[in-house]
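Protein chains in written order, with this note's numbering: chain A, 1 to 588; chain B, 589 to 1076.
The hints are simulated quantities; they were obtained by calculation from the structure and are not laboratory data.
Remember, predicted model here, so these are calculated numbers, not experimental data.
Don't be surprised by glycine CBs; every beta carbon is placed ideally from N, CA and C.
Some hints could be false.
Said to hold, decoys possible - Selected chain A positions facing chain B (in silico; Cβ < 10 Å):
1) Arg153
2) Ala163
3) Arg276
4) Glu288
5) Ala291
6) Ala296
7) Ala299
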Amino acid sequence: MPSRAVFLVVALAGIGGVIALRPAAHGPSGATRAVSGTLADIAVLDSSLMRLVSAAHHGDASAVRRDLAEARAAYKRAEWLIQQYTPLTARALNGEPQDEPDEEQPRLIVHPTGMQVMATMLGGCEDNNAKAPSLEVLDSIAEFARMARVHIRHVHDQLSDAAITDAQIFDAARVELARLSTLAIAGVDAPAGCGAMRETAEALRGIRNGVRGYAAGSKDARLFDLLASRAARYLDANATFASFDRFDFIVSFANPLAEQLGSLRQVLAIPILTDRRPFVASVNSVFEHGAFEPLAYSAPGTPQSNGRLVALGERLFSDTSLSNGHGRSCASCHQRALGFTDGVRLPALLPAHTAEVTTPVRNTPTLINAALQPVAFADGRVAFLEDQVAAVVANPREMGGNAATLSRKTRIALAAYVRSLTRLESRFDRAVRGETSLISPEERRGFNLFMGRARCGTCHFAPLFNGTRPPAFEETTIEVIGVPAVHGGLDGDVGVFGVSRAPMQQHAFRVPTVRNAAVTAPYMHNGAFRTLEEVIDFYDAGGGKGRGLAVPNQTLPSDSLHLSRQEKHDLVEFMKALTDTTPAHTRR
Amino acid sequence: MNSRIALTVATLAVAGTALACGSDTINDPAGTSNAVSLASASVTPALIKNVMSGVSVYSMLSSDDVLPGSPSYVFGGSTDGAGLIKNADQTFTLVVNNEDNFSVSRVTFDATFKPVKGEYVLTSDNAKYRLCSATLVTPEEHGFGPLFITAGESSVESQIYSLDPKGGVNSARALTALGHWSAENALPLPKQAYSGKTVVLIGDDDSGAGGGQVGMYIGNSVGDLDNGKLYALTRTNGNVRERDMVAGQIYDVQFKEIPNASTLTGAQINSVVNGFGAVVFGRVEDLDYRKGGTGREVYFVVTGQNNNGVNADNSRSKYGRIYRLALDATDPTKGTVEVVLDGDDRTGPAKLMQNPDNVVATPGYLYIEEDPNEYGDETHDSYLWQYNLTTKELKVVFEIDHRRAATDFAKYNNITGTYATASTSPMGSWENSGMIDISDVIGKPGTFMLGIQAHGWHAARFKGVDGGALRSKEDQGSQLLVLSGLPR
């Protein structure tokens, strides 16, 4: 309670760096200093929003705009610890400005809150000549700000109460660097890309301040500090969203920073957190070799994989006896030469000789990196590979096998084999790790477009380029883009709605990987597009809705991207640099 | 502290003026007289039907009622976990969660047991999370308190709160040592369970990839909620799959320590317990210990989750289960678990069970409240079940009445409000919740209080009644009932 009272007084006075906020019981000085610095940023966030409310009541739109920018900058500086300790509140403060279905009552729509909603309501970027918002709009922005202040007080309380260790500080900083180099530079939390680069710089400053309490003056600490300050300056100096060289930023700044943070942690003998998660806790950068643990996507209790299990899985993969006399195996449709797809729009089906078949027929997806996602199937109807394997084998139109006789061991072995098909060694991967000459100028421009103006990277998230959302990589994105049927009109497949019964998820699908797209045509859940050029044209037009189809709840913006021919070419070239279908090897 | 004292005084003052027999005039040190006279006090009909014979139903309070001592107070929606205290002046204080309002109400009942005044003792701005079941801790029962322990159930970020049932408004304290869970309830065991210790069981209502766990906190002195250690339930053979346990068998379990739990985030607690083999249940809800015994015989509810997504392999319950956890006489981290009722056995004794949620364990019975998941195959509206621990007989006490055939149907089934929604299921979209045994508190044996969460009942005047900004659009109504004539 005392710290709460202090906080409110400070916030009301609008004072910034207040060391008096430092809670006494936080143990080592590094963590204590990091937390108190972050609490000071949180106080600035709060006072900015307080001023915003007052400005909104006076109808002063330009002051509202300025206060929101200051609030967002302060949020970004505090983001690394807010996200680590209060991820739900982080979403309430700065989540995507999109409706979502309620988890328990799918027909219920949960409306977004937070600063992205406020920014969207204000319209336009800070430096644009946006139309002045009405008083009603200013009023509702003020209401969102008041709600945000409630959340902010809560973040303050939780951070003050938590026993924050050095290990948590370094983990939070590491994860934030991953967030910046995948989401922030793609403008994921900056509506219309406004201020994305400057806000990324603020987030970097937050980490820099947080790490400053550790071994200041030592070589490793100085190096990290210098790099972080140079990276922030680079972002400020190259703040134009459309032309920002994301590839250069990752190679020259984000990766070296992650590595240097790891060195500093090691020198200080600060332990690594040991919990198992997709973005491996002992890895520095999300672009590094071995950054992902496929088993983290398995059900609790799934046994560790080993060479024998994978070999068994590989044999079973081509074993037609699983199909109960239909002469089919997994490999019939998932052909290695075609990136484990079948090259046709829709798979050839077995005659429907059994009772009702309820699962829709969809384009065969690649199995390479299929392990690196928290849900399986285009509609996300199962979570774990073991269950997906069982569902496909037992599907009377696909393999016609018998689920009852499919042993647990068979399922585990097949899933282990699919997990072994994790390949993140494409030319792009090697280039982003430092072998920059491996990609061409076109491919590099294509990556920058993908992550920037073409807005691909806001759903196909780097570095997996599927819907698995960084930096926790524990959730997947589903989107409504309005894919047409082959013969015109909106495709009838209801997608995720068939599982969730959430009306706003009609025609929504899990975002698939773009890796190996060069060898896995045709594209989309129904195989509607034969070439990558057709795919790019579809997005450039604003998806189904942009092409004039009636698509309820399309989540893809329906305005045109206005991509030039050269830009489309560069995007395709970049996607081709994501090919890695080399034979599987056994992990660990 | 100052504001806390001031408020208590104010509460007494209001109660004193509202009642003919306020605290000043009652002087009954022996406590021999009992002015309680059960009678319906609400304008709302009891929203239940097909009531077991011999049971009397009293409609005590609903969102439609105006209380004389607090004309502007509106009882919130989705009433849930509750605790009742008798005051020195013979009045009663009820502390009760309004789940979807993310808030806690405090209602004063006069000496006859009629509600006379209400207020929000915790608003959404301070609770921050959905609050489900709760536990009232008293010195008589637990050796410390009084405290109302209420648990946040909104993702891994949630915290468990402790609040003084007679304390100041918004003075709840987060119990950080109890960790971050998507917690339905945190249940301290009674003082006789482990002398000199504080043992708290936690139900983790998590439907995600890591599933729900049964957690435990152990403090090494009575009332220590701050310096203990945190554990999660494992089977001694390491099997994490819930439905590998079947009725009629007894399984050895051990609560394994979550090292340095107080330094971990909720997401990390989840992955640590999954890493050491905690049993993965299909959403652990309420827990209760059997009254009148050792305090070490605990019943917990798994509500179930559908057979898709993370439960596509049916390893977790779908329709719900009731488990008995028998803890070792000296070491709370050891014990056995057995399936008492299995809703997934669609030919067994609990074949009609639709997602049990809350449980009350009396000396002789379990009372089990349903909150159907709306799979679409529901055969009835939410039941209150009675399970005889001796004869194993399972009976229905009542069924919720959605007023489907009544002239006021539209009022209780309003699907046009802000948060209103048509159900995906033809039956069972309402729940009954937060049942407590009030026999000893009001001096009437066989008397229970519980809530009806009438999820179709929405009205503009119910909007944001707790006064917080976070749930300002929440607009459900709900109801508190008293049932008497139920055996214990």
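Each hint tested on the structure:
{"no.": "1", "hint": "Arg153", "result": "8 Å, holds"}
{"no.": "2", "hint": "Ala163", "result": "5 Å, holds"}
{"no.": "3", "hint": "Arg276", "result": "5 Å, holds"}
{"no.": "4", "hint": "Glu288", "result": "20 Å, violated"}
{"no.": "5", "hint": "Ala291", "result": "17 Å, violated"}
{"no.": "6", "hint": "Ala296", "result": "8 Å, holds"}
{"no.": "7", "hint": "Ala299", "result": "7 Å, holds"}
When held up to the earlier numbered hints, the structure conflicts with 4, 5 and fits the remainder.
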